[in-house]
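Asker: So the chains spell out like this:
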Amino acid sequence: MSNGKARDIWGEPVRTSASARFDRLGLKEEDLHRLLYYLKLCRYFDERMEMLYRQGRLPGAIYSGRGQEGTHVGTGFALRREDVFLGTHRDLSVQLTKGLELKRVMAQFWGRVDGYTRGRDGNSHVGSFAAAGTFAVVSMLPDSYPVACGWALAFKRRGEERVAVAMCGEGATSNGRWHESLNLSSIHRLPAVWIVNNNQWAYSTPNRLEFSVPSVAVRAEAYGMPGIRVDGTDVLEVYEAVGDAVERARSGEGPSLIESVSLRWKGHAGHDPARYVPREMLDDYMGNRDPVKRLQDLLMSEGAVSEADAGALDERVKKEFDEAHDFAQRSPLPSGEDVTRGLWTEDGYWDSDPRGDGRTE
Amino acid sequence: MTTEGDTSVERGAERSPEVPQASPEEAAKDEAGAAGHGAEPRGKRSAEGEATFLVAIAEAMWEEMERDDSVFLMGQDIGVYGGAFKVTEGFLDRFGPERVMDTPICEETIIGTAIGAALAGMRPIAELQYADFIANGFDELVNVAGKHHYRVGERVPLVVRGPSGGGVRASSFHSQNPEPWFAHTPGLKVVVPAFPTDAKGLLKAAVRDDNPVVFFEHKWIYRRIRETVPDDPDFTVPIGRADVKREGVDVSVISYGAMVHKALEAASDLEDSGISVEVLDLRTIWPLDTAAILRTVEKTGRAVVLYESHRAFGVGAEVSAVLAEDGFDLLDAPVVRLAPPNVPVPFSPPLEDAYLPQVEDIVDAVDKLSKW
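Protein chains in written order, with the working numbering: chain A, 1 to 361; chain B, 1 to 372.
It is worth saying that the hints were derived from the structure and are not from the lab.
Below 30 Å or equal to it, Euclidean Cα-Cα: the simulated BS3-like pairs (lysine-lysine) are: (1) LYS368/B / LYS299/B; (2) LYS103/A / LYS318/A; (3) LYS293/A / LYS28/A; (4) LYS156/A / LYS147/B; (5) LYS103/A / LYS147/B; (6) LYS245/B / LYS371/B.
All chains should be modelled from the sequences, with the hints used to inform the complete structure.
Answerer: The structure is reproduced here in structure tokens:
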């Protein structure tokens, strides 16, 4: 890793602990730029969508993942295209990092035919195995966990070197199917990785009212798998932990549990001012543990990213957002006549071109 | 020693109640080892070549597993033990533990895992030890399996099957008829056959269907009804088609599951009184064969809707509504519903007998209606 700042007395670059870490993680400069790009994209998307929601220009709901981008982008970045990800409404940033197209996600929010669900579902209840290897989010949590078991089972049975990665919040870990899934995956050594985005608040309920163990990660022992708790505001720490767990699963050694801790900066959904979160806690996380700023500062201090680079990335994500937003507004709304179509596979609706009949708004 | 003992299953400290027992012939056959592990279910046919309902179901799964490597089974005690009712006896030795997968007691995760495997291109068949326990897996089935294709266009080709129904002194947790729960839910096909041939053909069709199918096997029928079943490995019965099991002209009895057999018995009794009864077996609850329902009533002008799920909001409520909306002109008399009251299935024989429609109740209802 070249280093723009730290140099020895002869002016040669010095290998810092940070650059040693990049090397250990196999992250080249272009990877670090991409990592920062996704962090910025997800942050910007989250902020702009909230603004549109507050202006009454966005129908439906929003579930901000702000403050948790380290968990999200770190996870998405550690997966291969052929791996599958099954998350929640709050984990849209993972899906964007894993490959969902921004413009089609935006069309989804506005209920348009170019959205991945063609208007049959809204907001972040999105996903596409064909497009990005991601599961269309289900509200009941963590319904994606058993479904991930099934994918992992199929991978194992067919001898494919692929991994199923599921994510839920710490709130969903109280649910029976969370425990059932960890148990089943461990019994059958399934290639699965279980990630818990502990953002410290399940809607308004704090950790201490959700579980009486010191962490979610310790529960792994009860299911005979490794468990690790990482700092979810450090994208590199998440990337490393997920990468290790994914490789472990890929090599046939079975599932792992990762608890990634950060703070949910916004409410449960757009309507929730989250006054139950102590101000000092929020100030601390926003001021000192902003995952986007953390990586940007690190890369700048290492000379891996310049002010100009960062500015260019900011411009790029703004431009991409605006283009995707325009695309969504121009995309046709579905026809009410199609309301019963697509329920059964045999009616052919999903094989048809959603814009085929030339309908417009 | 016989299949009799094997049909009971332990869930924790609870021992399941009485279930239909093997005939002495079957027991002798089992003792002789003719139907041992690794043996095809066809070997369990009677000397005359007839298959029980249970054997027909086993044949369907066996044939589909032979045909398509992506078909696999998962459920509780289906491997070494061969399933609580011995439907999967012999499967483990033939297909191995990956395709005959014993699971912990976790219905929600069994069904959810089946969904994931189906999305990944497999064709899972998830067995519930009793259909009643589908309540534990309700959410994955209703909120994920049923909605997924409509929401995203991704296929979920899975079958969830299990023994349903009462009349076997099994009380309220081992006797339910959960079909209306799922017929009401969008995106799930619901099949409840009454005859071995239909069971075999419909289960094979269910495995080949690209949609999620809920398949209920009435446990009263398992070992009581037998017939010659087709050998053609590609024999299927289309999902969504009812079948006239007895032709008649005076009154139609529209039914499904074990009640079809009661209806046929009643029809036979009524013949002596000069009343000609047509018995329509729905076979599939959803999608409902409304054309067949209207066709039989066009012929008879009178309908008794006979069903074993609870009377209010049950399958018969929908059938009656179809007749009221689309068959009003065809009717010469009001539609009569014959079904259990909306109480849990009771245990003690006089209570359960009072709960379930009996042959004499059907005879009375048809007789009255024919005079209307």
